[in-house]
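Peer 1: Chain by chain, the residues run as shown.
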Amino acid sequence: MSETTAERAGIPATSDELARLDYFEDLRDRYLSLDGLDAKWHSFERENSYPSFETCMRLHYFMSHTRAVEETLDSAFRSGHIPGTAYFARGNEAASVGSASCLRDEEWLVPMHRNCGAHLVKGHPARSIMAHFFGRMDGPSRGRDGNFHIGYRPKKITQLISHIGSMIPVAAGIAWAEKARGTGRATLTYIGDGGTSTGDFHEGVNFAAVHKLPVVFIIDNNQYAYKTLLKEQYACKSLILKAPGYGIPGFLIDGTDILLVRKICSEAIDRARAGEGPTLIESVTMRLAGHSVYDKYSDYVDLENLRRWTNERDPLERYDTFLEESGMATIEEISASHARARADAETARDEALKSPFPDPATLNDDVYAP
Amino acid sequence: MGQITYRQAISEALWEEMERDKEVFLYGEDIGLGGGAFYITKGFQEHFGRDRVVDVPLSEAGWTGAAIGAALTGMRPVIEFQFADFVTESFKMIVDLAAGNHFRQMGPVPLVIRLPGAALVSAGPFHSQNPEPWFFGTPGLKIIAPTTAYDAKGMLKTAIRDNNPVIYLEYKKLYNYPVNELPDILRPDIPSDDYTVPFGEARTLREGEDVSLVTFGTTVLQALEAADILEEEGVSTEVIDMRSILPYDKEAILRTVEKTGKLLILHEARKHGGISGEFAAVVAEEAFEHLDAPIQRVGATNTPIPLSPPLENAYLPSTQKVVDALRELAAY
Ligand SMILES: Cc1ncc(C[n+]2csc(CCOP(=O)(O)OP(=O)(O)O)c2C)c(N)n1
Ligand SMILES: [Mg+2]
Chain B
1 MSETTAERAG IPATSDELAR LDYFEDLRDR YLSLDGLDAK WHSFERENSY
51 PSFETCMRLH YFMSHTRAVE ETLDSAFRSG HIPGTAYFAR GNEAASVGSA
101 SCLRDEEWLV PMHRNCGAHL VKGHPARSIM AHFFGRMDGP SRGRDGNFHI
151 GYRPKKITQL ISHIGSMIPV AAGIAWAEKA RGTGRATLTY IGDGGTSTGD
201 FHEGVNFAAV HKLPVVFIID NNQYAYKTLL KEQYACKSLI LKAPGYGIPG
251 FLIDGTDILL VRKICSEAID RARAGEGPTL IESVTMRLAG HSVYDKYSDY
301 VDLENLRRWT NERDPLERYD TFLEESGMAT IEEISASHAR ARADAETARD
351 EALKSPFPDP ATLNDDVYAP
Chain A
371 MGQITYRQAI SEALWEEMER DKEVFLYGED IGLGGGAFYI TKGFQEHFGR
421 DRVVDVPLSE AGWTGAAIGA ALTGMRPVIE FQFADFVTES FKMIVDLAAG
471 NHFRQMGPVP LVIRLPGAAL VSAGPFHSQN PEPWFFGTPG LKIIAPTTAY
521 DAKGMLKTAI RDNNPVIYLE YKKLYNYPVN ELPDILRPDI PSDDYTVPFG
571 EARTLREGED VSLVTFGTTV LQALEAADIL EEEGVSTEVI DMRSILPYDK
621 EAILRTVEKT GKLLILHEAR KHGGISGEFA AVVAEEAFEH LDAPIQRVGA
671 TNTPIPLSPP LENAYLPSTQ KVVDALRELA AY
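Same order as they appear, the protein sequences are chains B and A. The numbering of the first sequence is the numbering used here, which starts it at 1 and goes up by one. The numbering of the second sequence is the numbering used here, which starts it at 371 and goes up by one.
Since the hints were made in silico from the structure, they are not lab data. Any given hint could be a false lead.
[Unchecked claim] Capping the alpha-carbon separation at 16 Å, the derived lysine to aspartate or glutamate pairs in EDC-like fashion look like this:
no., chain 1, residue 1, chain 2, residue 2
1, A, K412, B, D299
2, A, K462, B, D200
3, A, K691, A, E595
4, A, K412, A, D466
5, A, K620, A, E571
6, B, K237, B, E71
7, A, K527, A, E655
8, A, K412, B, D16
9, A, K629, A, E595
[Said to hold, decoys possible] Estimated spans, in silico, between C-beta atoms of each pair:
no., chain 1, residue 1, chain 2, residue 2, range
10, A, Q690, B, R307, 34 to 42 Å
11, A, N550, B, V367, 51 to 59 Å
12, A, G444, B, R273, 41 to 49 Å
13, B, T330, A, N546, 47 to 55 Å
14, A, K620, B, V367, 26 to 34 Å
15, B, R20, A, N546, 31 to 39 Å
16, A, R390, B, E71, 28 to 36 Å
17, A, S606, B, A361, 30 to 38 Å
[As the list claims (entries may be wrong)] Computed footprint of chain B on chain A, listed as stretches where at least three residues anywhere in the stretch have a Cβ under 8 Å from a Cβ of chain B:
no., stretch
18, 416-429
19, 485-493
20, 570-583
21, 665-675
22, 683-696
Glycine included, every Cβ here is placed at the ideal spot set by N, Cα and C.
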């Protein structure tokens with residue numbers, strides 16, 4: 001058996017290795033799968049997962065657009081255009097775009113507050129997101145809500161409430177409806193490392209596992225829950241170890257590598273569509289900025305760790321390098337994609353700022369559905 | 371003696387109670403290393419250690435239940451919700467488990483539930499709520515709503531020494547409110563010695579003859595501003611800060627109604643289903659013959675809390691809305 005074939009089949013991971021697991025060192029070009037108590041390392045054979053040029057550039061555009069939209073929103077906040085607060089997800093672009101790009105139009109996306117990229121790639125226009133942040137009428141909530149408490153029904157993107165964990169059972173329920181109707185559609189949802197500690201997470205994943213529902217759960221493990229460290233959040237070595245407890249397959253992946261995210265998520269989504277039940281994917285990233293625009297990250301972040309993730313695991317830079325080194329795209333094509341992504345974000349901002357504020361006379365509208 | 375902010379008052383009360391009683395400890399998200407979202411417990415973990423200032427996982431229902439367990443053994447947990455809105459996660463633990471425990475003869479539950487609540491400029495539907503109406507109908511709970519630094523400190527100490535579950539409402543808007551911008555009546559000197567403020571006693575902030583204005587929480591500020599404006603128009607308003615909602619000072623409400631014959635009740639929470647309904651009912655039951663005008667209420671509109679400024683302003687009570695209501699009452 002050649003080495004690559006063996007790696008494709010996986011190399012058993014020892015319990016010793018799992019006990020010493022390091023999110024930064026141990027996920028270089030490989031990922032871990034868990035099927036029951038069977039843990040295996042797999043090398044990521046990127047050459048076998050090259051998408052077409054069009055797909056490569058589409059993923060590139062949306063990652064870059066995500067970053068540009070969030071940076072544009074950040075400066076809009078500094079200039080006083082955002083009432084309230086704002087959460088951004090620098091570092092999570094590959095995880096959000098790579099996963100949600102696997103969904104079909106008719107499938108539901110159940111995002112959390114760090115999934116701007118998932119919104120954009122699923123078709124939520126940046127100007128709608130921005131109008132929402134600016135408290136304007138052209139945002140999907142018509143000024144009733146703000147920040148990433150946002151959904152977009154025309155593209156089958158649910159809203160979320162702030163209470164973390166709540167959307168996990170809701171995603172399971174959407175998957176229930178798909179299964180009950182026999183649509184063959186999958187549902188995709190996310191949760192933070194902090195969110196996995198909620199009762200709702202447990203109840204939702206267990207429900208989906210018991211009923212073999214067509215849903216994929218992605219844990220966006222960005223190493224912080226606000227200011228809380230991972231070791232204060234859970235005592236196991238990796239959250240993926242929860243998967244066998246629910247009786248579903250689990251994958252531990254580097255969430256800054258968009259092609260890997262896409263490969264693992266599309267396989268999981270295919271399994272869901274085929275009626276094989278849910279999958280739990282732990283996608284490891286680092287929150288490259290503070291929790292919110294008000295957060296003083298430097299008060300508590302491990303600067304050395306932040307430095308190495310910023311330098312070596314910035315999803316956007318990694319993908320630029322990959323495209324260029326693999327010969328998939330030229331430097332000119334890459335910078336044109338960046339330029340378009342940014343220009344589109346800025347146009348979206350200008351349009352959103354033209355949207356009117358809600359009329360106070362509409363306050364009492366829509367408390368009840370007609 | 372001195373003057374401190376509302377936030378410092380809460381910090382000092384926690385610190386002094388933890389020094390005084392080794393059974394007092396804190397649970398909350400980000401309260402240790404990070405000092406909490408509002409920096410109430412900044413520096414606490416270094417001093418009291420990780421066993422008494424506990425950074426908990428993101429699982430409110432779980433650590434509320436754990437706090438109740440510790441309280442059953444005689445410890446005195448003080449738990450911090452990052453925002454009052456998230457207390458819905460722990461509803462069952464508080465309402466069904468903690469609140470009725472003593473009545474069921476299963477022992478006291480000395481637990482303090484700190485809830486940073488109320489609006490704070492476009493904080494949106496999930497970071498602005500007033501949770502007291504959710505709990506008001508639950509016997510066995512106490513609900514406290516201090517607005518001055520003096521009351522915040524003294525009432526938090528009372529809460530920690532109380533043998534019942536106490537819902538302690540904190541007003542985010544007041545945390546860092548500059549002391550020198552507060553009306554004098556809202557900044558009494560803080561004694562350097564240990565002191566407590568009892569529950570169930572309202573405080574008269576301003577004596578008046580023509581109209582009574584009963585309130586609690588941040589609307590105390592609007593009440594005083596409105597009373598100033600009415601004063602210039604020749605109307606004398608008596609302003610009462612209830613401070614404590616459960617138990618509440620029924621006598622203080624009845625007394626002021628007997629004096630002025632006209633009552634306006636004001637709070638930030640929605641008028642519909644708000645605490646003002648109970649206050650009004652008590653007056654209707656026990657002081658009807660003293661009323662010279664229908665009881666009036668000002669509170670938020672009966673909609674969810676919207677975020678965008680024009681909607682939020684329309685939703686919330688304001689000094690102008692209070693002034694309008696007072697004028698109408700005075701003219702009745
Ligand atoms: C039930 C609940 N408790 C507390 C909060 C306040 N809060 C907002 S985000 C956050 C941290 C979330 O961490 P994590 O789940 O890891 O997601 P991340 O923000 O890191 O993406 C907290 C504690 C909340 N939104 N919901
Ligand atoms: Mg996190």
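Peer 1: Compare the structure with each hint and give your call.
Peer 2: Structure-based check of all given hints:
{"no.": "1", "hint": "A/K412 to B/D299", "verdict": "holds, 11 Å"}
{"no.": "2", "hint": "A/K462 to B/D200", "verdict": "holds, 14 Å"}
{"no.": "3", "hint": "A/K691 to A/E595", "verdict": "holds, 11 Å"}
{"no.": "4", "hint": "A/K412 to A/D466", "verdict": "violated, 32 Å"}
{"no.": "5", "hint": "A/K620 to A/E571", "verdict": "holds, 9 Å"}
{"no.": "6", "hint": "B/K237 to B/E71", "verdict": "violated, 33 Å"}
{"no.": "7", "hint": "A/K527 to A/E655", "verdict": "violated, 34 Å"}
{"no.": "8", "hint": "A/K412 to B/D16", "verdict": "violated, 38 Å"}
{"no.": "9", "hint": "A/K629 to A/E595", "verdict": "violated, 21 Å"}
{"no.": "10", "hint": "A/Q690 to B/R307: 34 to 42 Å", "verdict": "violated, 52 Å"}
{"no.": "11", "hint": "A/N550 to B/V367: 51 to 59 Å", "verdict": "violated, 41 Å"}
{"no.": "12", "hint": "A/G444 to B/R273: 41 to 49 Å", "verdict": "violated, 55 Å"}
{"no.": "13", "hint": "B/T330 to A/N546: 47 to 55 Å", "verdict": "holds, 53 Å"}
{"no.": "14", "hint": "A/K620 to B/V367: 26 to 34 Å", "verdict": "holds, 33 Å"}
{"no.": "15", "hint": "B/R20 to A/N546: 31 to 39 Å", "verdict": "violated, 45 Å"}
{"no.": "16", "hint": "A/R390 to B/E71: 28 to 36 Å", "verdict": "violated, 50 Å"}
{"no.": "17", "hint": "A/S606 to B/A361: 30 to 38 Å", "verdict": "holds, 35 Å"}
{"no.": "18", "hint": "416-429", "verdict": "holds (count 5)"}
{"no.": "19", "hint": "485-493", "verdict": "holds (count 3)"}
{"no.": "20", "hint": "570-583", "verdict": "violated (count 0)"}
{"no.": "21", "hint": "665-675", "verdict": "holds (count 4)"}
{"no.": "22", "hint": "683-696", "verdict": "holds (count 3)"}
In terms of the numbered hints stated before, the structure departs from hints 4, 6, 7, 8, 9, 10, 11, 12, 15, 16, 20, listed from lowest to highest.
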